[in-house]
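Student: Chain by chain, the residues:
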Amino acid sequence: MDQPAPYKHIYFPITGLHKLGDLLYYEGPILSWFKDDLQHNYLFYWIDYNQSSNRWLIWKVSDENIYYYLNGHVSLRDLILVEDKDFVFIVDIDDNLSFTKAFPLAIRHVRPELLPAEKSYYKLNMPPFAKALMDKYETSDNYYKILMKKQSIVFNISPTNINFARAVTTHDAGSFLSRLTRSLNGFIEESFWKKYRDIIQSGSDYNRFLNDAKAILAPRLFGLRFGSFEVLVGIDTVKKIDVADFTDWQHSVLPDYEKDVVDVDYNDTGQLQVIAEKYSDSAREKIYEPYIKIINNPHYNFTIKDKADKIVRAYRRVAKEKEDIVVPPKKERIDEMPKQKKFMNLVVEVTEGQDVTEINKKLLQSGLLFSEQLDEVHLHFDNVAAANARLRFKSPIRFTLSLVNNIYTAYVEDLSFYLENPDKGSLLRNLEAEIVALYKISRSSDDNDPIKMFFDAVVDSFEEIQ
Amino acid sequence: MEVVARPALKYQALIDQQNLSIKCPDSSCAQVDMTVFRWVKADFSDGQSFLPNLIYDFNRGKPPRKNADEDFKCGMCALSFFDTLESAGENVEAIGGPEKIKRLLGYTHVAQGKIESTDGLASSIDEHGHLLFFEFVGVVLEPKFTVLSAL
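Just so you know, the protein sequences line up as chains A and B, in that order. According to my numbering, the first sequence is numbered sequentially starting from 2. According to my numbering, the second sequence is numbered sequentially starting from 2.
The following block holds chain A by itself, in its conformation from the complex (with noise of 0.2 Å):
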């Protein structure tokens, strides 16, 4: 094979052939590995045989691809399919190790059972001629990807429609992305809090540090599979800062999130009281939340996969009281509460006569000499009404009417009760309901009754209404 004989029917227009090695061996070569006189690699795998020669598939690889396999990211079989070519040879050698039939051929039309299986990939020891391509492709500046990929952890939606195939649309990617992203990014907060916050005294300098190590550990996409929606997702673990520890920590950030967030059953009760132990309401909410509700999508499955392809993690939907023991219950939040009443006291500018319902916004806009907001304003009545019965005064009954809270409270000083709720209408019918009912009783009442006097003093008359 180092030097193929001539042969008179053959295309085979690769020169200058040279053997490293065997990659793959066993009772003789399986895959080989070639160079050509301008130094190409190509691949030599053996896929069949005969009476008289050995088949082999023979593909030119580039060095970047034969680092990918040797470092078991990418399959053999990948490696045979990855779209970088149009064609391969198919070359039978016979016992003389001469070439007694080469073609090129589409890879389309390779026989599927000539290839090697899908988990093709290369998990042996690196054979000692492959050190050259190592040293110098983990001196390049592809070695960072390369570096973070193999650190990287693979998460993959699916969808639950299959009606256009396995596409994931891009909403979906994007709020999955979005999401992931929060719980990451609230997890390297929560991590860099429990490491430095006994470390760093300055919260000045906590912050920044804070910031620089986010802005290095930022959650950052090694790999993309368009097939369902895949993801390889890693954070940075050759970047550093100048803070104690630092490297420990950033290489312990990702496998903590694997081990606290992804490894998690989170329809076991045990784990997810464990999980609640561990972390602060606050902490979850950042963390868990955002996790869940990817789990809970309805439009696609979740899982995690490892780097041979192999689902490690099949999430099941998140059910309601499971989900309460991670992520607390929600506090009310301020923009969703009711938005706070309040009086406001206007001194305008009308026309004598006037009639202030007539007051709009474009003479608020023209004639506002003054504003002010209250808390409580002071109001009058000069006669009330209930059911059957309405009295009038001939000095009017003061109240004192405030808003707090969105609650209204009526005061009646002169007979030394108050009424609340929170509806205004309701309020003032109530009030002048209880002040007739007040009147009615201290009719019965002895003349020193402080409310028979009061009422003696101001009301004018009372009528019962048929």
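Bear in mind the hints are in silico, worked out from the structure with no lab data behind them. Every residue, glycine too, gets a C-beta built ideally from N, C-alpha and C. Don't take every hint at face value.
[As the list claims (entries may be wrong)] Reference excerpt, derived from the structure (chain B facing chain A, CB under 10 Å, subset only):
id, residue
1, S81
2, T85
3, E128
[As the list claims (entries may be wrong)] Covered stretches of chain A, going by a simulated chain B footprint (3 or more residues, C-beta under 8 Å):
id, stretch
4, 29-37
5, 52-62
6, 91-105
With chain A fixed as given, assemble chain B onto it according to the hints.
Tutor: Only chain B this time, still in chain A's reference frame:
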């Protein structure tokens, strides 16, 4: 000191046929006691599960996968073992899966056995967990091995 002569190799004639210019087996090969694993057929009764590759391929009418390297030619006269079950499994996957092994090599199962110093000479274990074994005359390996599982 009494020098005990090493037993002759079972496939010395096959080695001789290769006309090698190197020592085969090389001097690093040694008599060892160890547990090893081998891809085999489910049933040993056809006598094809413990043969050097050159003979095994010849018996099934298949040309050997050769290269010009003399170490390689020497190795074709030995049996292949793996040092652990994991190595045996990882090599199955790396090579292309059980179906590939079955179709091209004819093996369907993995067996475990214990080789003893009186059985032959073992090479050092390579980076794939693979080693070569040159049997001594009179050694029969089949009874020493038990099939563990399908590949």
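Student: Now, for every hint given, state plainly whether the structure supports it.
Tutor: Here is what the structure says about each hint:
no.	hint	result
1	S81	5 Å, holds
2	T85	12 Å, violated
3	E128	4 Å, holds
4	29-37	holds (count 5)
5	52-62	holds (count 4)
6	91-105	holds (count 3)
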